[in-house]
Amino acid sequence: EETLDPVLDPLLGRHTTKKGRYIRIGDKECRFHLDFRLILHTKLANPHYKPEIQAQTTLLNFTVTRDGLEDQLLAEVVNLERPDLEHLKVIVYTPRCLKTLPVHHISRPVISRVVGGP
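Heads up, the working numbering is the position in the sequence shown plus 60, with the first residue counted as 1.
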């Protein structure tokens, strides 16, 4: 189970003082900007954090698998050599994709914030 330095607790919990304008980091009080985002990166393939940390953060898994890459490569080859089959695949998969549309609307703002978009 992975841990984070306890000095980050006020940031994770957004424990601000003085009407939300300041935050205490260690023994220092710093001005807190409402648009502040903390992004942590790990090289671990499948990190596990305590439930308290998971409740205060959003964990995004950008793991690339061999199967996923093979699927993408196959789709590109089929699209180049047999566009008719690729079109048929789009027709078949579109109804399935529409069922996951609400999840996409929820995850899109989270992902755009992580990559620094609007």
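Some clues are possibly wrong.
No more than 20 Å apart at the CA atoms, straight line, and that leaves these computed lysine to aspartate or glutamate pairs for EDC-like [unchecked claim]:
no.	residue 1	residue 2
1	Lys110	Glu146
2	Lys110	Asp65
3	Lys78	Glu89
The set of hints was computed from the structure by calculation and includes no laboratory data.
(request) Taking the numbered hints from earlier one at a time, note which ones the structure violates and give those numbers from smallest to largest. (result) The structure conflicts with hint 1 only, although it agrees with all the remaining ones.
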